[in-house]
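As you go down the protein sequences, you meet chains X and P in turn.
Letter by letter, the first sequence follows residues 1 to 242 of my numbering.
Letter by letter, the second sequence follows residues 1 to 251 of my numbering.
It is worth saying that the hints were derived from the structure and are not from the lab.
Here the structure is a predicted model, which is why all the values come from computation and not from measurement.
No incorrect hints appear here.
Derived Cβ-Cβ restraints for the label pairs, each shown as a range:
id: 1; chain 1: X; residue 1: ARG43; chain 2: P; residue 2: LYS200; range: 13 to 21 Å
id: 2; chain 1: X; residue 1: SER42; chain 2: P; residue 2: GLN223; range: 39 to 47 Å
id: 3; chain 1: P; residue 1: ARG64; chain 2: X; residue 2: ASP127; range: 55 to 63 Å
Partial pick of chain P residues on the chain X-facing surface, computed with a CB cut under 7 Å:
id: 4; residue: GLY23
id: 5; residue: HIS187
id: 6; residue: VAL188
id: 7; residue: TRP212
Positions of the beta carbon are idealized from the N, C-alpha and C atoms, including for glycine.
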Amino acid sequence: MGIISKGEWIAKDIQYRIFEQPGKFDQILSSERQLSVEYEVSRNTIRNAITILENREIIQRDGKEYRLLPTKEDFETLEIMGKQSWRTQNNVVLDTSFETNKVQSQELMQPLGTNVRKVSYIRTLADSNTPIGIETAVLPTKALDDETVANLHYQSILLFVGKQFSEAFSEEYQQVNLEHADEKMAQLLKVHRGEVVVDRHSLFVSKDNSIFVELKSSILPRFSVIVQPDQDINTKVDGFVE
Amino acid sequence: MNNEFKAPLYIQIESLIENKIVGQEYLPGERLPGERELASTYGVNRMTVKRAINNLVSRGFLIRKQGSGTYVKSHGVGDKYYFDLAFTNEQSNAGISELLAKNGIKVSNQILGREMIVRSHFLAKKLGLSADDEIFGLHRVRNIDNEPFAVEYNYLPGSLFANAMEIDFQTIGLYDYMNSKGAQPRHVYQRIQTLRAMEKEATLLQVDKGDWLYLIQYQSADQEGRLVEYTESFLNPEKVNLKFTVVKPSI
Numbered sequence: 001m002g003i004i005s006k007g008e009w010i011a012k013d014i015q016y017r018i019f020e021q022p023g024k025f026d027q028i029l030s031s032e033r034q035l036s037v038e039y040e041v042s043r044n045t046i047r048n049a050i051t052i053l054e055n056r057e058i059i060q061r062d063g064k065e066y067r068l069l070p071t072k073e074d075f076e077t078l079e080i081m082g083k084q085s086w087r088t089q090n091n092v093v094l095d096t097s098f099e100t101n102k103v104q105s106q107e108l109m110q111p112l113g114t115n116v117r118k119v120s121y122i123r124t125l126a127d128s129n130t131p132i133g134i135e136t137a138v139l140p141t142k143a144l145d146d147e148t149v150a151n152l153h154y155q156s157i158l159l160f161v162g163k164q165f166s167e168a169f170s171e172e173y174q175q176v177n178l179e180h181a182d183e184k185m186a187q188l189l190k191v192h193r194g195e196v197v198v199d200r201h202s203l204f205v206s207k208d209n210s211i212f213v214e215l216k217s218s219i220l221p222r223f224s225v226i227v228q229p230d231q232d233i234n235t236k237v238d239g240f241v242e
Numbered sequence: 001m002n003n004e005f006k007a008p009l010y011i012q013i014e015s016l017i018e019n020k021i022v023g024q025e026y027l028p029g030e031r032l033p034g035e036r037e038l039a040s041t042y043g044v045n046r047m048t049v050k051r052a053i054n055n056l057v058s059r060g061f062l063i064r065k066q067g068s069g070t071y072v073k074s075h076g077v078g079d080k081y082y083f084d085l086a087f088t089n090e091q092s093n094a095g096i097s098e099l100l101a102k103n104g105i106k107v108s109n110q111i112l113g114r115e116m117i118v119r120s121h122f123l124a125k126k127l128g129l130s131a132d133d134e135i136f137g138l139h140r141v142r143n144i145d146n147e148p149f150a151v152e153y154n155y156l157p158g159s160l161f162a163n164a165m166e167i168d169f170q171t172i173g174l175y176d177y178m179n180s181k182g183a184q185p186r187h188v189y190q191r192i193q194t195l196r197a198m199e200k201e202a203t204l205l206q207v208d209k210g211d212w213l214y215l216i217q218y219q220s221a222d223q224e225g226r227l228v229e230y231t232e233s234f235l236n237p238e239k240v241n242l243k244f245t246v247v248k249p250s251i
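Next comes chain P alone, as it looks inside the complex (with noise of 0.2 Å):
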């Protein structure tokens, strides 16, 4: 053994994983893996990993919750969510929910209204159809713990999603719904800017009008380059933090 004026083991593991949190590697509500994989990860035993972790969970940077892992603390004031936007590409294409579910956040959607929409140009245009072509909206509150975080307008093409109206989208997921269409949407164009609530949105986000909020419009390709998807999308910057990591495609 080589290794005595080191530092235990566990010590070390409690140091590189605290350097990954203090570095932003694992961001504030993000889920840590699992300590079969970490103890895989580092070559060492389990039980390391288990006092590591314990050790950080005491010191404040980890909390553990009953039944779903172990997560980076949020620091600051109130949770904030970190949001991917690049949850759409070639490999995946999780959907904010199913996204969020990965980080043991729940998202519950409360339906606004949906409706077969007909001679709007705008909408039309941005989805690549002609005024008379049928499109199909559909406006959502979604919530965290009951708490909403965003005001999405969400609007397909009619032509492929023929049975959109009949869909419980306050169980199903959207992207669930147009994967299994096999509309999937694969190529994002996003646009993210700021503005101030007006009345409609404040309300449904429980802000004060006038409060700043990020406006994000999408608009999705599916594998074959049909246009999937425009929404808007309002967020309270409040409750979340926007991420990206944009991968260049290999040429």
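Just chain X, with the same shape it has in the complex (with noise of 0.2 Å):
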């Protein structure tokens, strides 16, 4: 046997016919039973590469069907670059003024006492109303009116910042951890106290310094991808990234 085992080969091949013929989905994954003559192998084998697929969130079993699921979108990148992702609406449960003090200051690279405007919204998918994680915001007061604000239900802050400034920045700072819920946060996921949730805290800063934004945010697993593109090897790929 080779350094992949079956099940992982037949999985990663029906995972290639799906993304090839994404219309005969039905028809590629019709029955264990039908797979296992395809492949000539076990059910087993057909069993085991039916649940690598399923645990790397590509298909779901549903009763006794399967069902391929959406494709997930890293959102924070694809707004960042002023592009609409999935349909999701957000619900604002906080919003606050204030001067930065030390430690705030030091976390935003910004000078002590700088005005900023803080934002929290639980999104959620638009048409299920079911959470997908937190976001909190926090930019410069003068970049962050009110109107903005009122259409965060909209418009994540990452879209706007995306359409409004996205020429202005050049880097882009990120940290990825996993955390676990608090009370708080697994009451407004609608989650259990301690699941685990994916952190990521960004930091974008704009070449002269004058547009900063914040942002943290804790995205349940199932909702969460997190893209790094490369304009060389997008190109190359032609959608083909699972």
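Using the hints, put the two standalone chains together into the complex.
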């Protein structure tokens, strides 16, 4: 046997076939029995392959059937590039303004006493109202007016920033952690306390330092994907990014 | 002298460095610049820097490692290593092990297996090859201090790396080898998701089945735009934090 087990090999092959011909999903993943005939392996091996695809959130069991899960999108990266992503809706739960203290100034890399506005909102899927995560953004007060805050219901902060200031940004710092939801977050996201969320902490700073955005997002794992695109490579893979 | 009301110089330096640690400009596990470099940065003499660092060491902000330098202390449970995922760009392509080595962390590799693979449509597509082309596959467990932090499955186009089966990847870094073939990863497309550890990766990473892991998929191209790597990397989030610095290409 090679370094890739039969189950892994078949999982990859099914994945390839699904993405080549998404319309034929039902035929490709018809039945374990048929797949085991097709690949000339045991039903167990097929089950193993399917488990891998479920584990990677490519397919999901739905009763006796399987269904193809929608391709995950990195909405943060899309939005900062000024592109709309999934239809999501936001409910603002916090809106406050203050002058930065020492620690906050260091975090934002800005002078002491900078006037900032901080907003938090829950992001939900527009059609089902399912919570995806919570985002908290800090911007200079002058960059975030009341109208923009009112519009956050339809347009998340990065989309606003991406449309408004995209050209101005040269660098972005990001950190990713897994955190456990505390009582309050669990309540807002309708999950159990202690459940894992993907924490992403970004700081965008413009070339002339006049605009900055600090964003902390806590996204539920099944909605989270982080993509670091590269112009030269994206053209090569033609959307084959699972 | 006009600074009689100011704090002594070494205390000013101490608080400058402390601020950078608190402000996470220096991250936990990161190596501090050398004393000589700090001295010239701040325009003070080396003794002043030494004294400031001594204070920060005794206050628990920094630790000294014999023969390798001074490091920002990791706080919280266990030691976490920061992975700067922008390890490959126009300026450099260090690779994870070299990157960690810069911070005084030694990575060792355990080879799970290697093979020239043919007829994987999936891998061929990822590398822009046809299914009949050979693909070199290398499966490794990566350790820090003999503890696994990553399981990595690397796939490279066989035509560019014809002698890969003869290379000792236990001691030779994959990126060093790729560099030697003139096919250095310069552009990297990365996709990161979380998933629950399945039996195989759980065992290799010494975690429980069902624990959360990061799965990072890399697709890299070299200077000429040839796809030279497709990698799947499973990382234990208890051991690593991910960090990026994304610099927009100047137009």
